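Enquirer: Sequence:
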Amino acid sequence: MIDGNIVVTTNEGGQRVETLPVMAVVADDYFECPVDSETVDTLSNGVLQLYVNANCQERIFDIGTFVDTTHEVFFNGGTIVATTSDGDTLVGRSIGENDHHLGARDKLYREDCDVDWEPDFSILYTKNIFMHDLDPPADYKWYWWEMSKQVKFFKETAPDVYRHLVIKYVTVKRHDPPSWWPDHDPFTGYEDAYIGVVEDIDCPADTFEFLHASNSAGYDDVNDIAWQKGWDYTGAHSEYNDYYCGIALADAGMSGESTVPYGSYNVRNDVYLYPQGGWGWKDGELYQLASTSSNTIQDSDAIVDRSWVFTARKIDAGPDPDYEARFTVVLAVAPGGLSQLQEHIDSARAIVARERSEGGLPALCGDCNGDFVVNVGDVVCLVSYLFKGSVAPKCPANRGDSNSDEIINIGDIVYLVSYLYKGGPAPVCPGIW
Numbered sequence: 026m027i028d029g030n031i032v033v034t035t036n037e038g039g040q041r042v043e044t045l046p047v048m049a050v051v052a053d054d055y056f057e058c059p060v061d062s063e064t065v066d067t068l069s070n071g072v073l074q075l076y077v078n079a080n081c082q083e084r085i086f087d088i089g090t091f092v093d094t095t096h097e098v099f100f101n102g103g104t105i106v107a108t109t110s111d112g113d114t115l116v117g118r119s120i121g122e123n124d125h126h127l128g129a130r131d132k133l134y135r136e137d138c139d140v141d142w143e144p145d146f147s148i149l150y151t152k153n154i155f156m157h158d159l160d161p162p163a164d165y166k167w168y169w170w171e172m173s174k175q176v177k178f179f180k181e182t183a184p185d186v187y188r189h190l191v192i193k194y195v196t197v198k199r200h201d202p203p204s205w206w207p208d209h210d211p212f213t214g215y216e217d218a219y220i221g222v223v224e225d226i227d228c229p230a231d232t233f234e235f236l237h238a239s240n241s242a243g244y245d246d247v248n249d250i251a252w253q254k255g256w257d258y259t260g261a262h263s264e265y266n267d268y269y270c271g272i273a274l275a276d277a278g279m280s281g282e283s284t285v286p287y288g289s290y291n292v293r294n295d296v297y298l299y300p301q302g303g304w305g306w307k308d309g310e311l312y313q314l315a316s317t318s319s320n321t322i323q324d325s326d327a328i329v330d331r332s333w334v335f336t337a338r339k340i341d342a343g344p345d346p347d348y349e350a351r352f353t354v355v356l357a358v359a360p361g362g363l364s365q366l367q368e369h370i371d372s373a374r375a376i377v378a379r380e381r382s383e384g385g386l387p388a389l390c391g392d393c394n395g396d397f398v399v400n401v402g403d404v405v406c407l408v409s410y411l412f413k414g415s416v417a418p419k420c421p422a423n424r425g426d427s428n429s430d431e432i433i434n435i436g437d438i439v440y441l442v443s444y445l446y447k448g449g450p451a452p453v454c455p456g457i458w
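In case it helps, my numbering puts the sequence shown at residues 26 to 458.
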């Protein structure tokens with residue numbers, strides 16, 4: 026979906042100019058996120074509660090330390106792409122409470138996974154082509170960014186440390202526009218782009234005093250963890266005095282992933298958010314923060330409402346329209362202090378590494394056997410599953426639905442064979458990239 030404007034000029038009435046909003050929807054299965062039930066889900070494991078509106082918004086609440094909902098700690102945010110073209114500053118965003126038309130072309134999918142090498146978990150995922158409702162840039166091809174996300178959330182039966190974690194697998198890809206787009210001239214003007222996440226963290230939020238604040242923030246250069254420390258205005262909840270929230274990258278061994286981010290910037294919300302009215306970012310400032318390569322803490326010890334701009338990757342300039350970058354981000358809460366936060370992040374990184382050895386997440390469309398490559402082995406996997414009663418495709422099973430008809434059958438085998446040996450279209454599973 027694209028939000029933009031049509032400017033109409035007429036010679037009548039003194040050269041009157043009218044600006045009309047326009048929205049082009051990429052697919053027939055468009056949903057108005059978060060209004061439609063197909064884009065919304067909520068999960069809870071007794072420690073954390075995860076609320077997801079497809080690609081519109083993700084919130085993670087801590088319900089385990091203090092039950093009173095006015096003192097919940099939460100992460101609130103999503104994926105960003107920041108780039109420029111011909112003087113335009115473009116920031117593709119997947120954040121904000123009022124982004125109802127952010128381009129949810131696919132509904133939110135969920136699967137509950139029971140595997141023999143890890144505690145039970147749920148996976149939510151969606152695939153999206155979108156750009157936020159900015160003014161049209163000088164070159165419309167800059168609108169075509171594809172963002173895909175898979176979010177992992179452990180169930181109540183998991184050990185305590187698992188239930189303090191949320192893991193997000195993100196792919197961001199630039200590509201040429203679809204066939205119906207009018208401009209198909211060769212385009213070689215891609216500039217540097219920056220991908221990552223923006224997270225608004227209240228750690229904790231003393232909403233009774235209308236103060237969303239933490240008393241300190243920092244970056245752990247040894248463990249590569251961005252963190253905020255809890256703070257309680259009234260002194261009534263001492264359990265928050267050593268409470269930490271953290272964001273970090275996990276090395277999943279794909280596309281050059283690393284635990285070291287390109288940069289991170291802890292900012293004051295009264296400078297970058299609220300001047301927009303409500304909850305919103307200034308696009309120019311968000312671009313500048315995302316493209317900053319250092320780890321910077323603004324007013325590290327001041328009592329202010331804060332957010333993290335956490336840049337995972339830089340996509341270098343070049344002519345390739347199909348360039349993509351992947352990253353895996355871990356969010357954790359730790360009521361027991363910084364050392365506990367470091368332990369939780371280490372546990373999450375170990376989970377991601379184990380998934381790689383077990384063919385787990387991040388799931389790749391068409392990768393039935395979970396070896397992170399789509400080849401003849403996946404055809405054999407589907408044949409064995411459908412006709413010999415062998416094991417089902419790895420969780421999430423949608424990775425086997427290569428033709429995206431929401432059922433796994435012989436049609437998916439034909440589709441994969443056509444792709445692998447006859448130059449047919451690439452797999453397009455529901456939600457899975």
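Worth flagging that the hints you see were computed from the coordinates, not collected in a lab. What you are looking at is a predicted structure, and each value in this text was computed from that prediction instead of being measured. Beta carbons: idealized from backbone N, C-alpha and C, even for Gly. One or more of the hints may lead you astray.
Stated by the list, open to error - Keeping only pairs whose Cα atoms sit at most 30 angstroms apart, straight-line, the calculated DSS-like set for lysine-lysine is:
1. Lys198 / Lys254
2. Lys254 / Lys307
3. Lys132 / Lys180
Stated by the list, open to error - Restraint-style ranges between C-beta atoms, simulated for each label pair:
4. Ser364 / His200: 39 to 45 angstroms
5. Val401 / Glu368: 40 to 46 angstroms
6. Gln313 / Asp276: 23 to 29 angstroms
7. Tyr348 / Trp142: 32 to 38 angstroms
8. His200 / Ser415: 33 to 39 angstroms
Enquirer: With 32 to 38 angstroms as the target window, see if Tyr348 and Trp142 comply at their CB atoms.
Expert: holds (33 angstroms)
Enquirer: Assuming the hint says 23 to 29 angstroms, is it satisfied by the Cβ distance from Gln313 to Asp276 or not?
Expert: holds (27 angstroms)
Enquirer: Between the alpha carbons of Lys132 and Lys180, is the straight-line distance 30 angstroms or under?
Expert: Holds, at roughly 22 angstroms.
Enquirer: Confirm or reject the claim that Val401 and Glu368 have a C-beta distance inside 40 to 46 angstroms.
Expert: holds (42 angstroms)
Enquirer: Is 39 to 45 angstroms respected by the C-beta to C-beta distance linking Ser364 and His200?
Expert: holds (44 angstroms)
Enquirer: Between Lys254 and Lys307, is the straight-line Cα distance small enough, at 30 angstroms or below?
Expert: holds (26 angstroms)
Enquirer: Could one say that the CB atoms of His200 and Ser415 fall in the range 33 to 39 angstroms?
Expert: For Ser415 against His200, whose Cβ atoms are near 35 angstroms apart, the range 33 to 39 angstroms holds.
Enquirer: Is Lys198 within 30 angstroms of Lys254, Cα to Cα?
Expert: violated (34 angstroms)
Violated hint for the displayed structure: number 1, the only one.
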